[in-house]
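**Q** Sequence:
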Amino acid sequence: MIAATALEGPKTPQATIRAICDKQGGLVDLWEASPVRVESNTPQTETIIDALFPGNPLLCCGWSKHRFDTRPRDNWHKMDQLQFIVPNPMMAREGKTKTGKNSAHSLENTGPRRFLIIEQDEGEVDQQASILLHLAEIAPMALALHSGGKSLHGWFYFEGVQEEETNQFMKYAVTLGADPVTWTRSQFVRIPDGLRDKGQRQAVYFFNPEVIP
Numbered sequence: 001m002i003a004a005t006a007l008e009g010p011k012t013p014q015a016t017i018r019a020i021c022d023k024q025g026g027l028v029d030l031w032e033a034s035p036v037r038v039e040s041n042t043p044q045t046e047t048i049i050d051a052l053f054p055g056n057p058l059l060c061c062g063w064s065k066h067r068f069d070t071r072p073r074d075n076w077h078k079m080d081q082l083q084f085i086v087p088n089p090m091m092a093r094e095g096k097t098k099t100g101k102n103s104a105h106s107l108e109n110t111g112p113r114r115f116l117i118i119e120q121d122e123g124e125v126d127q128q129a130s131i132l133l134h135l136a137e138i139a140p141m142a143l144a145l146h147s148g149g150k151s152l153h154g155w156f157y158f159e160g161v162q163e164e165e166t167n168q169f170m171k172y173a174v175t176l177g178a179d180p181v182t183w184t185r186s187q188f189v190r191i192p193d194g195l196r197d198k199g200q201r202q203a204v205y206f207f208n209p210e211v212i213p
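Residue numbers for the sequence shown follow our numbering, so the first one is 1 and each next one is one higher.
Errors might be hidden in some of the hints.
[Stated by the list, open to error] Here are the in silico distance ranges between beta carbons for each label pair:
no. : residue 1 : residue 2 : range
1   : THR97     : GLY26     : 35 to 43 Å
2   : SER40     : GLY199    : 16 to 24 Å
3   : SER64     : LYS96     : 36 to 44 Å
4   : PRO72     : GLN168    : 28 to 36 Å
By construction, these hints were calculated from the structure, which means they are not laboratory data. Just so you know, even glycine gets a beta-carbon here, dropped at the ideal spot from N, CA and C.
Build the full structure now, drawing on both the sequences and the hints.
**A** And the structure:
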């Protein structure tokens with residue numbers, strides 16, 4: 001298993017970042033590029049989750065980082081009130097944490113990778129949008145959402161892809177400013193169109209369910 005810390009290395013020069021931004025545009029361009037528009041004032045969390053995770057898989061979701069559960073999809077309700085989700089289906093209701101504790105949220109009970117999340121805390125939101133559009137030319141992007149804080153999160157579909165190939169993509173994203181912590185399959189990320197703890201909606205700016213077979 002490749003540790004998240006092994007992904008860190010030299011950053012892409014700012015001149016190259018600026019060239020990417022000049023070519024790709026910003027947040028408006030990300031919105032305009034979305035094949036499906038999520039424009040309703042009514043949260044579309046459950047519709048989006050069903051497209052990302054069809055069937056009735058086990059999903060680990062959280063109201064906070066300390067209050068969470070793993071349940072079959074059909075047993076999750078009012079998902080728009082949640083903050084977090086593990087972007088990969090779970091294999092069991094519980095697993096062992098690194099400290100040996102049984103938990104609904106552990107790497108042990110997380111299944112194979114389905115999505116790789118690119119989270120950026122560097123740069124303004126227009127720069128982050130440009131980088132996601134750039135990365136979408138390399139790998140299929142299913143979703144991009146705002147954290148409700150200061151970052152955009154891109155969901156890239158990698159189910160069935162060899163880890164070496166996925167790792168190369170992640171390494172490149174990290175050089176562009178992505179946080180390597182989301183490499184870990186069990187890492188909580190912001191749930192699409194969910195609700196942050198201070199009430200901000202985790203709005204979806206890009207949605208392309210067609211990249212999911």
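**Q** Please go over all the hints and tell whether each is borne out by the structure.
**A** Status of each hint after checking the structure:
Between THR97 and GLY26, the C-beta spacing of about 40 Å keeps the proposed range 35 to 43 Å intact. The beta-carbon spacing between SER40 and GLY199, approximately 18 Å, falls within the hinted interval of 16 to 24 Å. About 22 Å separates the C-beta atoms of SER64 and LYS96, a value inconsistent with the hinted range of 36 to 44 Å. The hinted window of 28 to 36 Å between PRO72 and GLN168 holds, with their beta carbons roughly 34 Å apart.
Consistency with the previously given hints fails for number 3 only.
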